[in-house]
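Residues per chain are reported as follows:
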Amino acid sequence: MENTLSITNVTKAFGGVEVVKNISFDVEKGDIMGTLGPNGAGKSTLIRNIMGMIYPDKGEVSFFLGGKKERLPLEKIGYLPEERGLYKDVSIQSIIFYLAGLKGYPKEKARTRLSDYLEKFDLKGMEKRKIEELSKGMAQKVQFIGAVIHEPEFLILDEPFSGLDPVSQDLFREEIRSLSDSGVSILLSSHQMNLVEALCNRIFLINKGEKVIYGSLDEVKEQFADFKCTIYGKNPKGIFEKLPSVEKVESEEGKSVIYLMKDTNPQEFFGQLPRDINIKELHMDRISLHDIFVNIATGGKNHGTNL
Amino acid sequence: MGQTFKVALWELKKNLTNKTFLISMGLTPLIMILFGALPTVLESLERNQLDYIYVVDEIGIYERLEENVDSNQYRLENYEGDVAELEEMTIEEERTSYIIIDDEGFENHSFTLFSGDDALIPLTGFQTALNQTLQERKIEEVGIDQEMATYITTDFSIQQSSLLEEDLDFLNRLIPGVFAGMILISVFISGTMTFQSATQEKRDKMTEVLLSSVSARDLMQGKIIGYFFLGLIQVGVWAMVGMLVATYYFEVPVLEYLFVSELPLMLLYALIGYLMFSALFVSMGATINDIYSAGNFQGVLFIIPMLPIFFIGAIIQNPHGIVAKVGSYFPLSAPGVMLFRLVIASRVPTMEIILTLGILVVTTILIMRLAGKIFKTALLMYGKNATPAEIFRWVRQK
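Line order of the protein sequences matches chains A and B. With the first sequence counted from 1, adding 751 to any position gets you the working numbering. With the second sequence counted from 1, adding 1 to any position gets you the working numbering.
Hints are supplied without guarantee of correctness; some may be wrong.
[What the hints assert, rightly or not] Reference listing, derived: stretches of chain B covered by chain A, where coverage requires no fewer than 3 residues with Cβ under 8 Å from a Cβ of chain A:
#, stretch
1, 103-114
2, 205-215
[What the hints assert, rightly or not] Below, simulated DSBU-like cross-link-like pairs (lysine-lysine); rule was C-alpha separation at most 30 Å, straight line:
#, chain 1, residue 1, chain 2, residue 2
3, A, K1031, A, K972
4, A, K879, B, K14
5, A, K879, B, K15
6, A, K887, B, K7
7, A, K827, B, K7
8, A, K860, B, K374
9, A, K875, B, K374
10, B, K374, A, K871
11, B, K326, A, K881
12, B, K139, A, K858
13, A, K827, B, K14
14, A, K881, B, K14
15, B, K7, A, K860
16, A, K839, B, K14
17, A, K875, B, K206
18, A, K820, B, K14
[Said to hold, decoys possible] So the derived list for chain A, only partly shown, Cβ under 10 Å to chain B, looks like this:
#, residue
19, G766
20, V768
21, E769
22, V770
23, D840
24, A898
25, V899
26, E902
27, E904
Simulated from the structure, these hints should not be mistaken for lab results. Cβ coordinates follow ideal geometry from the N, Cα and C atoms, glycine included.
Please construct the entire structure, taking both the sequences and the accompanying hints into account.
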């Protein structure tokens, strides 16, 4: 696959503290790459480095759009920042035409595309409405249109789903998938793990400025998504903790969640379970991306894994 | 440069379609005319009122005094009754006074006008008439003939004229000066608008969206240029109204006086002043998260363009004095001070013009560079106003 973005050993420090440390990854054409990490992990700093709003102290950011290496072809990049906002006292149409104009996109094409998107996002006929007259969700849709109006080849979406109702989330998810299918490379940062899991084909997990996991979603799941067993019934926590294949146990009134050690076979675990435990209900699942994220964010896994 | 003009055009269009801006642009000259004309109209109404003076004449000069006094300004009445009653009458009636002209006052060369009102009446016209009457009386007493007396007592006058004065008509410099001054006022207003525009972008959280399409430098330059043209449109409207009022009301042919050789120089000072202050304002606007909680540090900035006002008295007294020169060489006051000097002085030395322009250009380039650094970093900082220490640190960044 051909690379569209290449980040090589990027480091950025503020006031002597390294906020992003030696980060490297690539985004391929048509990729939906998820960048994940807890608050303050360095995601926004990384994105601002990519967008040329701040410059890395070390390392290089290169785009390969249209077959050649470029530092920052802004007209080919769409960006939806985490800090949402639009001019309040201007119409949807004015602001979208202004943003399209700044990207060098023809006004007539922008008009057609705007009309299509407004219809798709259930905002038909609202071209002349002022932003201050829109609900938060509607304004977010307008901002999304602003990010894609110029048919970008590369799209950076920072928390695109935050604040959206489930219907709008589905709408955005479909649109992101359709953009990816048409060959747009997407770098997506989000906290909604279920959406990342459903959308991204590759992920990059960052914590405290450092790479934690980088690879395809399937590989990550295979590597990190070990089994967890949930048992409903009153049992002392210690019964499970002393079993050889158990990594940790989370226990609350009438429920125990038992995380198994890497590469543990579920049958092997069932064989170790004492006969006298109380089981009202039992589930055996692979742990989700959410669990992996929480586990890593709270320091449960080793850092720096390439898959 | 293309992106700069797109931003400039947007700022221009955004404001020109904003009702608040259009109303304030139209109302400003009307308010100025109203406030300029109102005191004059009221004063003229006051001036046209007559002042009544009762004269208690004990030395027999009343008839001559009445002849000498301006009857459009004073109405005299010879009073021969009781002075206590006169005093009461004076208090009761409006704009009324009385004076006792007796031998004692004549000997001492001093009289008192008793007024029954809080407002004192304008005395000059009456005093001149009384002086003339009493002098005539004295001349008669010493037996000098009236013609001879006029010959002796006619006043001499002095007019002042500078040898450097090339053009005798002061309006030739005043009108272009007023025009350039209007541009300077507009500099301040537009500068304030660039400040607000940067603050608004942060408040509306538009910064990152814009920076994903244009560089911080293009954004800043676009704002400066956009508001410059907005300022010009504003001045144009005001100048047109001013010209109409001056031409048709005061009958001053403004256009004839406006296009003089000093005008381009005055405009140059105003333009450089604008670039310098707007760069300063736009960058400081970016350091503020919320205009209502802006610190004193940023507030002080707005005083800077007012600096020339502190120099104005001294410049009028001596347009080439030390104060004028200090004000001319200090870059932040130079545009305003040089405008004043070009209006007031008959000629400002060429070397001083070259030097002050040089200092201004260098300072403006420097400020624009520093402003660019501050603007770029400050725009991405949310949630708090930047402190002076932070701003200083950004300036030192490479």
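Against the structure, the hints:
no.: 1; hint: 103-114; in the structure: violated (count 0)
no.: 2; hint: 205-215; in the structure: holds (count 11)
no.: 3; hint: A:K1031 x A:K972; in the structure: 29 Å, holds
no.: 4; hint: A:K879 x B:K14; in the structure: 16 Å, holds
no.: 5; hint: A:K879 x B:K15; in the structure: 14 Å, holds
no.: 6; hint: A:K887 x B:K7; in the structure: 28 Å, holds
no.: 7; hint: A:K827 x B:K7; in the structure: 18 Å, holds
no.: 8; hint: A:K860 x B:K374; in the structure: 36 Å, violated
no.: 9; hint: A:K875 x B:K374; in the structure: 42 Å, violated
no.: 10; hint: B:K374 x A:K871; in the structure: 41 Å, violated
no.: 11; hint: B:K326 x A:K881; in the structure: 52 Å, violated
no.: 12; hint: B:K139 x A:K858; in the structure: 93 Å, violated
no.: 13; hint: A:K827 x B:K14; in the structure: 26 Å, holds
no.: 14; hint: A:K881 x B:K14; in the structure: 15 Å, holds
no.: 15; hint: B:K7 x A:K860; in the structure: 18 Å, holds
no.: 16; hint: A:K839 x B:K14; in the structure: 15 Å, holds
no.: 17; hint: A:K875 x B:K206; in the structure: 25 Å, holds
no.: 18; hint: A:K820 x B:K14; in the structure: 37 Å, violated
no.: 19; hint: G766; in the structure: 9 Å, holds
no.: 20; hint: V768; in the structure: 14 Å, violated
no.: 21; hint: E769; in the structure: 17 Å, violated
no.: 22; hint: V770; in the structure: 13 Å, violated
no.: 23; hint: D840; in the structure: 7 Å, holds
no.: 24; hint: A898; in the structure: 8 Å, holds
no.: 25; hint: V899; in the structure: 12 Å, violated
no.: 26; hint: E902; in the structure: 14 Å, violated
no.: 27; hint: E904; in the structure: 14 Å, violated
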